[in-house]
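Sequence lines, in order, name chains A, B and C. If you read the first sequence in the working numbering, its first letter stands for residue 1, the second for the next number, and so on. If you read the second sequence in the working numbering, its first letter stands for residue 1, the second for the next number, and so on. If you read the third sequence in the working numbering, its first letter stands for residue 1, the second for the next number, and so on.
The hints are simulated quantities; they were obtained by calculation from the structure and are not laboratory data. Among these hints, one or two may not hold up.
[As the list claims (entries may be wrong)] Calculated Cβ distances over 10 angstroms to all of chain A for the following chain C residues: (1) HIS23; (2) LYS53; (3) GLU62.
[To be verified] Result set (DMTMM-like, lysine to aspartate or glutamate): computed pairs, CA atoms no more than 20 angstroms apart in a straight line: (4) A:LYS258 with A:GLU328; (5) A:LYS129 with C:ASP13; (6) C:LYS58 with C:ASP90; (7) C:LYS53 with C:ASP34; (8) C:LYS58 with C:GLU47; (9) C:LYS43 with A:GLU53; (10) A:LYS129 with C:GLU16; (11) C:LYS43 with A:ASP37.
This structure is a prediction, so every number in the text was calculated from the model and none was measured. From the three backbone atoms N, C-alpha and C, an ideal C-beta is built for every residue, glycine too.
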Amino acid sequence: MSAEPVLTRRVFFREAICLAVRETLDAEPNAIVMGQDVGAFGGSYKEFYGLFERFGPARVRDTPVAEAAMVGLGVGAAAAGLRTLVSITYMDFVLLALDPLVNYAAKARFKTGGQIRVPMVVKLTAGAKGQGVAHSQSLESWLMSVPGLRVVAPSNVADAYGLMRSALQADGPVVYVDHKRLFPTSGPLNASGHEVPFGLAAVSRPGRHATIVTHSYMVCVALAACDQLAVSGIDCEVIDLRSLAPLDLATVCTSVSKTGALLTLEEGQVVCGIGAEIAYQVQARLGPVRVSRLGAVPAPVSSNPVLEAASLPDAARVADAVRRLLTEG
Amino acid sequence: MTASDDIDALAAMILARELESALSTRADCGFQLLSSGQEAVAVGVAAALLAQDQLLCSGRSIAPALARGLDPGRVMAELIGRASGPCLGRGGRGHLSQPSAGFFGAHAVVAGNLSIAAGVALALQARRDRSIAVCLFGDGACGAGALHETMNIAALWQLPLLLVCDNNLYSVSTPRAAALAPQRLSDLAAPFGIEACTVDGMDVRVVREAAVALTDYVRNGGGPAFLECISRRFASHSTSARETRGQQELAADRELDPITRLENALLSEGALSAQTAQALREQVRARVMAACAFAEASPLPVPDQAFADVG
Amino acid sequence: MLYRLLLPGPIVDLSEVRVLEWHGAPGTQFNPGDLVVELDTHKAVVEMRASSKTVLRKILIEAGEWQRVGEPLAIVSDSADEPLPERAEDLPQSSATYEMV
Chain A
1 MSAEPVLTRR VFFREAICLA VRETLDAEPN AIVMGQDVGA FGGSYKEFYG LFERFGPARV
61 RDTPVAEAAM VGLGVGAAAA GLRTLVSITY MDFVLLALDP LVNYAAKARF KTGGQIRVPM
121 VVKLTAGAKG QGVAHSQSLE SWLMSVPGLR VVAPSNVADA YGLMRSALQA DGPVVYVDHK
181 RLFPTSGPLN ASGHEVPFGL AAVSRPGRHA TIVTHSYMVC VALAACDQLA VSGIDCEVID
241 LRSLAPLDLA TVCTSVSKTG ALLTLEEGQV VCGIGAEIAY QVQARLGPVR VSRLGAVPAP
301 VSSNPVLEAA SLPDAARVAD AVRRLLTEG
Chain B
1 MTASDDIDAL AAMILARELE SALSTRADCG FQLLSSGQEA VAVGVAAALL AQDQLLCSGR
61 SIAPALARGL DPGRVMAELI GRASGPCLGR GGRGHLSQPS AGFFGAHAVV AGNLSIAAGV
121 ALALQARRDR SIAVCLFGDG ACGAGALHET MNIAALWQLP LLLVCDNNLY SVSTPRAAAL
181 APQRLSDLAA PFGIEACTVD GMDVRVVREA AVALTDYVRN GGGPAFLECI SRRFASHSTS
241 ARETRGQQEL AADRELDPIT RLENALLSEG ALSAQTAQAL REQVRARVMA ACAFAEASPL
301 PVPDQAFADV G
Chain C
1 MLYRLLLPGP IVDLSEVRVL EWHGAPGTQF NPGDLVVELD THKAVVEMRA SSKTVLRKIL
61 IEAGEWQRVG EPLAIVSDSA DEPLPERAED LPQSSATYEM V
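Just chain A, same shape as in the assembly (with noise of 0.2 angstroms):
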């Protein structure tokens, strides 16, 4: 593996996020990693290949498992004057790191009256991909409405790097979320230094029949699921999100002026997911609009094949959920 994720046209995904990263150690000497395997291992998804070499254990930190402590030590940490990220390899165990994520990184700034500040960066990765019921929840919603708190997801190499660059830079507690089905992924990595702002949505592929918002692998379901929906006639833009909390609804509803069809596309759960957040701001502006929402089925995530793609929108589902919108409305 190269030691040095060099800043080539073409990257992985892991590598995407690992540049960011060493860039971020680099540039700021306060700045650590903290999480299982993300030393000498280089991280689960190995994205952090090669930083435990250039930086050394004082800087990018085994944990044990022990997911609350590691993140109130990143709060407690980042609150007297480091920079911590704390990678979590499961979003499913961000549920152990609630108290010290909720109850104190987001509430730090308000409650003393703005004298703390936590620029802590929790990073997860959600996502089914055969490893069972509690191994696979995408919660982003869960995180969405907690004030003090951002959350924003990549969908592709490009923002991997620049979400996780400006996740470094902020102020206050970020929750990053990438996807186990994005690090096979590879893509252009072109700028170096560029940063996504919060709180703007990318339009991945515009059209003029229906809007998707999406956001982290869906967005790749939604192409796929475009390019089926084409054959018939049907051109539908791709809105990916990128930001959850702030959710940039100015693009969303650019979009839908246009096509006058919504559809929210979710791996979480659509009951109170980003989807009824987004249909409600979206038509609390617009007025009524013809939209629909798709995520999991209401049910926990088998590590089975059959099952889980059975609980899982897939591209199919996404063109007929598009089709049955603009024919039912």
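Please build the complex by placing chains B and C on the supplied structure of chain A, with the hints as guidance.
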């Protein structure tokens, strides 16, 4: 430790007691956890701290904040929700904080400040200036996983962290024996190889001596340490929790009053006379009155502050 | 005989590779077990080793470049003097071994 240090300690304990007394008689007292009876722990531990250290505590924050040297007027202002408190009136007692004064502060979640304190210790460690983090918590926190996770990492990483368990023998209404299997709470540190001891938390000199020894140990790179102080709280757990102890027990607790104990010792040692003791009390009361006056004259926060500094 | 050197597919979770380093040049002869090329993937380095005496004849994907699993990386042959074909597509697959490290 000099007689002057002892007199400072006495004054500090009386300040906490008198300010809490003034607070609890107010109509706008609000929801409070009082430190009365437990002043020796806060004062004894604070006496061992240097300016560059950070003190964290639980929701029982009034004595720790005052002992750390926060201005009593601003503390009172925060306690009654005025904008001139260090947290602009938004934190109250449960989140009282002033990091610039070495008081990283309170967090109201039981055991919620422990891993935070370890993180602060990690940041202080990087400074290489012998500064340490000290975290006060109660017996109620000792059943929480957070304590064990924190001790494990603190020991592994040799963090400059002093954990101080202010064991007042009850977690609200639950006596220690009904909540915790170990009798001696400092034994909790043993599996992690953490230096630990248990002392009488009703004797400020004893607490201070132990705190100095352990903070020195931590400062000199010994790794984390655990100090258990056995104390008594004189009031119920909180202003909204009814008292569950009987009159006999409460009377016996009062016999151990750390303020009386130190005052009597200083009187018998000749470091204090009846007149100087009285003068001291009057001085402290004047400070408390001034603190109350300051707080009362402070404005409430404007409603817009409800969504300021959210992040 | 001439062969296509490639990482055979399908391999679970692997769809593309980036050539990390060739451990020889056109003309280099490899003995069984010799490391021919290292490939970078999203999760591990893949070492491709010769399973028999093999000569590297033409590198199709240079170091730093990408290729899909199942597509040719190079042309190899049993001996150095067999003339190169016009198209690699018609050649049989080399029996090189590979291992994730």
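Task: Unsatisfied constraints (hint numbers, rising) - done: When the structure is compared with the hints, none of them turns out to be violated.
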